[in-house]
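The residues making up each chain are set out below.
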Amino acid sequence: MSTSQRPLLITGVEFVDGSGGDLLIIDGAFVDPDRAPADVERVDATGLLALPGLVDPHTHLREPGREDTETIATGTAAAARGGFTAVAAMANTQPVTDTAEAAEFVHDTAIREGAAKVQPVGAVSKGLAGEELAELGLMARSRAGVRMFSDDGRCVADPLLMRRALEYVRAFDGVIAQHAQDPRLAGPGACCHEGEISGRLGLGGWPAVAESVIVARDVQLAELTGSRLHVCHVSTAESVEVLRWAKQRGIRVSAEVTPHHLLLTTDEVLGYDPTYKVNPPLRPAEDVQALRQALVDGTIDAVGTDHAPHARQDKEHAFADAAFGMLGLETALGVVIETMIDSGLIDWFRLVEVMSAAPARILGLSDQGQPLVEGSPGNLTLIDPGARARVDAGDSLSLSRNNPWHGRDLPDPVQLTVWSGRITYRRS
Amino acid sequence: MRNLLSAADLSAEEVFSILDLAEEMSEVQARPIKKLPALRGRTVVNLFFEDSTRTRSSFELAGKWLSADVINVSAKGSSVSKGESLRDTVLTIAAMGVDAMVIRHSASGAPAQAAAWTQIPVLNAGDGTHEHPTQALLDAFAIRRHLRRSDPEAEIAGKKIAIVGDLTHSRVARSGVSLLRTLGAEIVLVAPPTLMPSGVGTWPVSLSTDLDEVLGEVDVAMMLRVQRERMSGGYFPTPREYTVGYGLTRDRLAKLKPGAAICHPGPMNRGLEISADAADAASSLVLEQVAAGVAVRMSVLYHLLGGEEDQ
Numbered sequence: 001m002s003t004s005q006r007p008l009l010i011t012g013v014e015f016v017d018g019s020g021g022d023l024l025i026i027d028g029a030f031v032d033p034d035r036a037p038a039d040v041e042r043v044d045a046t047g048l049l050a051l052p053g054l055v056d057p058h059t060h061l062r063e064p065g066r067e068d069t070e071t072i073a074t075g076t077a078a079a080a081r082g083g084f085t086a087v088a089a090m091a092n093t094q095p096v097t098d099t100a101e102a103a104e105f106v107h108d109t110a111i112r113e114g115a116a117k118v119q120p121v122g123a124v125s126k127g128l129a130g131e132e133l134a135e136l137g138l139m140a141r142s143r144a145g146v147r148m149f150s151d152d153g154r155c156v157a158d159p160l161l162m163r164r165a166l167e168y169v170r171a172f173d174g175v176i177a178q179h180a181q182d183p184r185l186a187g188p189g190a191c192c193h194e195g196e197i198s199g200r201l202g203l204g205g206w207p208a209v210a211e212s213v214i215v216a217r218d219v220q221l222a223e224l225t226g227s228r229l230h231v232c233h234v235s236t237a238e239s240v241e242v243l244r245w246a247k248q249r250g251i252r253v254s255a256e257v258t259p260h261h262l263l264l265t266t267d268e269v270l271g272y273d274p275t276y277k278v279n280p281p282l283r284p285a286e287d288v289q290a291l292r293q294a295l296v297d298g299t300i301d302a303v304g305t306d307h308a309p310h311a312r313q314d315k316e317h318a319f320a321d322a323a324f325g326m327l328g329l330e331t332a333l334g335v336v337i338e339t340m341i342d343s344g345l346i347d348w349f350r351l352v353e354v355m356s357a358a359p360a361r362i363l364g365l366s367d368q369g370q371p372l373v374e375g376s377p378g379n380l381t382l383i384d385p386g387a388r389a390r391v392d393a394g395d396s397l398s399l400s401r402n403n404p405w406h407g408r409d410l411p412d413p414v415q416l417t418v419w420s421g422r423i424t425y426r427r428s
Numbered sequence: 001m002r003n004l005l006s007a008a009d010l011s012a013e014e015v016f017s018i019l020d021l022a023e024e025m026s027e028v029q030a031r032p033i034k035k036l037p038a039l040r041g042r043t044v045v046n047l048f049f050e051d052s053t054r055t056r057s058s059f060e061l062a063g064k065w066l067s068a069d070v071i072n073v074s075a076k077g078s079s080v081s082k083g084e085s086l087r088d089t090v091l092t093i094a095a096m097g098v099d100a101m102v103i104r105h106s107a108s109g110a111p112a113q114a115a116a117w118t119q120i121p122v123l124n125a126g127d128g129t130h131e132h133p134t135q136a137l138l139d140a141f142a143i144r145r146h147l148r149r150s151d152p153e154a155e156i157a158g159k160k161i162a163i164v165g166d167l168t169h170s171r172v173a174r175s176g177v178s179l180l181r182t183l184g185a186e187i188v189l190v191a192p193p194t195l196m197p198s199g200v201g202t203w204p205v206s207l208s209t210d211l212d213e214v215l216g217e218v219d220v221a222m223m224l225r226v227q228r229e230r231m232s233g234g235y236f237p238t239p240r241e242y243t244v245g246y247g248l249t250r251d252r253l254a255k256l257k258p259g260a261a262i263c264h265p266g267p268m269n270r271g272l273e274i275s276a277d278a279a280d281a282a283s284s285l286v287l288e289q290v291a292a293g294v295a296v297r298m299s300v301l302y303h304l305l306g307g308e309e310d311q
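Residue numbers (this note's numbering), protein chains in the order written: chain A, 1 to 428; chain B, 1 to 311.
Mixed in with the good hints there might be a few duds.
As the list claims (entries may be wrong) - Partial selection, computed: residues in chain A whose CB lies under 10 Å from chain B:
#, residue
1, R35
2, A36
3, E194
4, G202
5, G204
6, G205
7, V209
8, Q313
9, F319
10, D321
For the record, the hints were derived by calculation from the structure and aren't laboratory data. Model, not experiment: these values are computed from the prediction. All residues carry an ideal CB built from backbone N, CA and C; glycine is no exception.
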């Protein structure tokens with residue numbers, strides 16, 4: 001990882017509004033480029049587009065507990081390579097991030113070793129067991145300053161516990177991020193979308209309604225409590241409809257979609273390749289279209305990678321027995337460009353909103369997702385929008401290789417990532 | 001034929017070739033000394049991650065009567081309990097130099113995954129709720145034999161076959177639909193809506209929830225085992241209600257066309273999906289299906305391994 005605390009002058013950049021210019025970062029913040037000192041580090045960015053540093057509201061870093069699959073150091077290195085300057089680290093580590101001490105461990109380790117800001121997500125329930133509230137207030141008051149809470153990987157299925165969690169975090173403007181999956185409707189054997197393919201392959205079906213019934217329940221609880229709800233990795237057209245209704249009603253709900261749900265369909269599981277086993281599962285093309293449209297019209301606020309590294313031995317089982325999840329940090333921007341920009345569905349302003357500004361707002365990160373203007377924190381990503389490459393799973397900064405894009409030709413845009421004035425990734 | 005993973009992989013010509021050779025193999029089965037030299041020097045591993053006395057014994061006899069060396073590996077749970085992945089288990093067995101793997105697994109797709117990891121022929125002996133292609137072949141064999149008792153030229157094409165019961169969890173049904181359709185049969189699936197697989201409306205079959213309505217029209221009633229071990233979701237209210245709605249009871253026997261055959265893949269839940277009267281009826285093929293299993297598996301093993309030396 002290349003680092004620099006010297007003043008950094010980036011010349012000849014293009015901005016999303018079509019204008020051009022130079023950027024100067026001193027002491028971690030953008031300043032007037034005309035004030036560049038003599039010992040400045042220069043980067044020629046001619047022909048490159050400058051975006052605010054990307055923010056991922058949904059990352060699994062696996063430290064503590066599964067450092068063989070990812071660490072805070074390797075996960076944030078992968079994030080930097082993907083153009084991210086901040087990630088939210090989900091709580092399903094071992095031990096679970098359900099205390100102030102556990103959240104501070106992630107926070108402190110990231111300060112020492114991270115290549116991006118890491119905002120720990122606290123568990124909603126102790127041990128993710130879905131029975132008793134975790135120490136939400138102590139996590140909020142800790143050095144980690146936790147604002148988002150989630151049992152992600154599991155759904156907070158008990159409606160009363162969900163109500164109490166929403167009520168409780170109102171005291172410090174927290175947000176409850178829900179993994180919407182009714183555990184009875186999508187039971188323990190559910191491993192792919194319930195439909196024609198699951199029926200034919202004999203795989204346990206995960207019906208779309210198992211997601212949307214929880215989203216419907218939770219938006220009503222959010223309305224009742226006046227609290228903020230965030231819906232993780234929305235995957236179905238029905239959930240989108242519920243969210244649209246809730247937003248029209250003024251309910252405080254935000255939602256994210258993963259890059260893989262914007263591009264891949266349930267057809268990928270036809271070969272029983274566990275690389276494509278993910279929770280929620282890949283859905284049919286109609287859902288993919290609904291998700292794209294929801295990202296266009298604002299029903300879905302943000303893109304979240306759900307970067308889920310796994311060791312080979314956890315994936316090389318029969319499809320039903322293999323671990324859920326796929327990598328996403330390094331390829332997220334490329335997939336969003338492919339599905340949303342290159343298809344003409346959104347412009348660069350909207351991309352900045354869904355991959356930087358909105359996730360920063362949802363997470364309560366005032367030092368992220370800001371425009372590239374004087375006084376803003378020095379976070380940016382320089383990209384070559386036209387660059388493409390064939391994805392090679394072996395060529396990754398993550399410790400894991402469960403990359404669903406291996407062998408595909410995708411945009412490969414990120415040239416340079418700067419976090420708080422420090423270069424955290426530079427294309428060699 | 002490099003692998004046999006799904007009944008859908010077989011063309012009608014391949015099915016006929018397997019069934020015709022199985023006829024010859026069944027003659028061997030009737031001899032006092034049941035040994036052919038066809039697979040001498042070849043090694044077949046029965047890799048069973050899921051218990052099955054019936055299917056494993058059938059494959060073992062099939063291999064041995066063709067003079068193959070047969071090893072049974074009961075790998076139930078081992079890949080998980082000892083921390084070894086399925087891939088490592090498969091590659092370990094392959095590295096020993098075996099010539100074919102017969103795989104049974106509680107998870108759908110496991111044999112297909114194994115076939116992707118190794119060059120050794122893989123034969124699916126039942127995977128989860130997906131397929132059991134040799135079961136479909138032996139069903140077809142037994143049905144064709146039954147039909148030919150009254151008409152030596154009879155074929156399955158054009159015959160109407162009802163597959164009844166727990167379709168959602170049945171690998172027998174999935175393979176059966178594929179293979180019997182390939183042979184030109186008309187198929188009606190009969191079950192309560194809770195036991196119909198997702199997307200069954202796109203299958204090349206007709207559907208019914210009323211067994212009594214279809215029973216008088218069919219040439220074969222294929223009753224499926226109610227997989228009570230998979231019934232945690234409350235698929236029907238009580239066994240009594242299931243039997244009344246979907247069991248082949250003594251009363252329903254009388255509604256079958258004269259000569260219509262009764263099939264069941266076993267093991268049977270007598271009194272639930274099939275009555276003792278039906279199971280033991282003259283037109284019941286249950287034991288013939290078991291016998292056909294060995295002959296059909298001999299034929300399949302020969303098709304997978306026997307022809308290679310000639311190439």
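Q) Can the hint on G204 of chain A be confirmed by a CB-to-CB distance to chain B that is less than 10 Å? A) Since the shortest Cβ distance to chain B is 8 Å, the answer is holds.
**Q.** Status of the R35 of chain A interface restraint (C-beta, 10 Å, chain B)
**A.** violated (58 Å)
(Q) Hint validation: V209 of chain A versus chain B, beta carbon distance must be below 10 Å. Holds or violated? (A) At about 12 Å, which exceeds the 10 Å cut-off, the nearest Cβ of chain B leaves the hint on V209 of chain A violated.
**Q.** Hint status (Cβ of D321 of chain A to nearest Cβ of chain B, threshold 10 Å)
**A.** With a closest approach of 6 Å, the D321 of chain A hint holds.
(Q) Tell me if the interface restraint on E194 of chain A is satisfied: Cβ within less than 10 Å of some Cβ in chain B. (A) At about 5 Å, which falls below the 10 Å cut-off, the nearest Cβ of chain B leaves the hint on E194 of chain A intact, so it holds.
Q) Can we keep the Q313 of chain A interface hint, with Cβ of chain B closer than 10 Å? A) Constraint on Q313 of chain A satisfied, holds at 5 Å.
Q. Regarding the hint that G205 of chain A lies at the interface with chain B, is the smallest CB-CB distance below 10 Å?
A. Status holds, d = 5 Å.
(Q) Checking hints one by one. Is G202 of chain A an interface residue toward chain B, by the C-beta closer than 10 Å rule? (A) Holds. Min distance 3 Å.
Q) How about F319 of chain A: closest beta carbon in chain B under 10 Å, or not? A) holds (5 Å)
Q. Holds or violated: A36 of chain A as interface residue toward chain B, Cβ cutoff 10 Å?
A. violated (55 Å)
Checked against the numbered hints above, the structure breaks hints 1, 2 and 7 and satisfies the rest.
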